[in-house]
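K.L.:
Listed below are the residues making up each chain.
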Amino acid sequence: MIEGAVDVLATRYAYALMFVLMGVGMYMMIANQNLVKKLIGVNLFQTAIFLFFVAVAYVEGGRAPIVPADGSDPGLMASPLPHVIVLTAIVVGIALTAVGLALIVRIHAEYGTLREDTLREVRADE
Amino acid sequence: MSSAELLPALLIAVPILMAAVPIALGLWFDRTGWSVTALTTVGLVAGTAYLANAVYAQDRVVHVLGGWDTPQGIGIELVADPFSTLIIALVTVTAAGLLAYTRVGGPRGNTFYAGYLLLVGGLIGLSLTGDVFNMFVFLEIVGLGTYAMISSGDGPESAVAALKYLILGTVGASLYLIGVGFLFMATGALNMEVLGEAIPQVAAEGGSDLTLLRAGFAFIFVGFAIKVAQWPLHTWQPDAYQHAPDGVTPLIAALVSTVSAYALGRVMFDVFGVEFIATTPYAQEIVVTVGAVSVIAGSTLAVIQRDVKRMFAYSSVSQFGLVVAAYGALTETALVGAIIHLIGHGVMKAGLFVAAGVIAVSYGVRTVDEYAGLADNRPFVAGSTALLLIALIGIPPSAGFIGKWYIAVGAVEAELWSIAAVVFLSTMLTLAYSARLLEKMYFTPAAPVESPHGTGVATDGGGGGSGILIDSGRFTRGSPEDVSLGMLALLVAIAISAVLLGFAGGALFEWLEPFTSEVFN
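For the record, the sequence lines run as chains E and G.
Counting the first sequence from 1 gives a position; the working numbering is that position plus 120.
Counting the second sequence from 1 gives a position; the working numbering is that position plus 1.
No lab work stands behind these hints, which were simulated from the structure alone.
Fair warning: there could be bad hints in the mix.
[To be verified] Straight-line distance between alpha carbons at most 20 angstroms, and here's what the computed DMTMM-like set of lysine to aspartate or glutamate pairs gives: (1) G:Lys165 with E:Glu230; (2) E:Lys157 with E:Glu230; (3) G:Lys165 with E:Asp237; (4) G:Lys165 with G:Asp60; (5) G:Lys165 with E:Glu123; (6) G:Lys165 with E:Glu241.
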């Protein structure tokens, strides 16, 4: 059991790292009181998923998936599909961050705070 | 390529492109948003009708984007089948109808209508897509549209509610994306049809790829549980529904979670398949348990709410729990019941939130206690609300009844007594919170303290003579803002259609036959 786990860690350490990064992002999202830092946590969480997809596409000894101009066989390539997925997901992530920051700016303008606990107190008073 | 095959792409592209028009026109004109949106949504309804006609004739209309016909599995497909056509019919008709409310009730402004069209385009895309990654993109477009719509309210509360939904919704969509990644690792495909064929083979081989598939299912289910608002991941929904502007809540309550629940059903039945869920240990049990617990927790929380919009929001948690539990039954009848309940719940909840909006505008009340004596002062609105509540409980003939009926029959067929019990329990619990509101509206006399507008009327009437009151009718009863005829017509139309849908059970069953027989063969 332990041997198997060590074996997996030695060969698939990238995946393990991604999930650690994901956990860090999620912890930041839940535990941090600052709204901007929460949003950074969301970003970290998403970035971990992007890295996971890039790791999935990796091929041992493969090169970048670009076909040469003369159309010759480029040989072993990394899978291009996950890269395309990640590019799209990054664009989506940027849009989400922009909307989230706009909302935070509005919350700050209305309540004068960025901290969740203070926000709760202010709202409870109203 | 026939004209019907172009329609799926047009139905998505047109609203998203038209979303830019109100903003562009806003450079010269102030209030063009409503007209542009009305024109577009009516066009979408017509397009959906044409598409439905084509689907009726040939069961399936497929549009492959970008000319990637071969090799299959890479090009993004848009698929219109009976299930997705029914959902986009709900989306387009509701989006067009609710404009009757927002014309006078607001929110106003060209940017609002740009967001409205973007949301509608995203919802149609989410319904039509035949590619699991494309589904993620549309899930996020719908999310972005919804966050913008919720925060279009004036109060600061709406921004907080929108941010809460943004963080939770992003996590939900991201978990779904991880699940898609696992599916891609196990099968190398993203197209739903290809995945649907590959997954049984991979599952039969077993080994580590089967583990990947199971992990993928788990991530996708939890991701959708957030988007559909299943207990205990529902916490964004009451805040979002309560603090969104009155004109927006019917739209998001009727459509956003409904289309997410549709997407969950699509992935469960078309991608994973009945066989996979039935053979995976505990998968069916977990799906049924999540649904059943949501029914009970959602209804119980609804009973104790004071704010009417919040009560309806918790009611949505419980009604979607019923749909998820019905998915878990894995029988043809229960699946049809779940689909009918999705449509019926969308119609009824749109109506109830429109009613809550109309009452808030005309009468200025928002809590259950303040609804006292409403039937005397606002007979039309109170009558429509009562009709919709009775339909939601599931008293025949109504949209709520046929959905629950099919779910219960399907559960009994599969001998899943827990689901049958949950259907019965959900009816009782729905009765509990509906009866509370009905009792307030019809049997509790309005106390002068509780409805200040009522006393205002009395003094006005006493001082200025009753002639003014009779001439101006119910609109001027101490309300600062008027209720437009469009709002009332919309409310009555939704109430009537909720009842009429109760007679459409057989027709819907037949319409869905090509889809369900393909899933269960």
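K.L.:
If any of the earlier hints don't hold here, list their numbers in rising order.
P.N.:
Numbers 4 and 5, in rising order.
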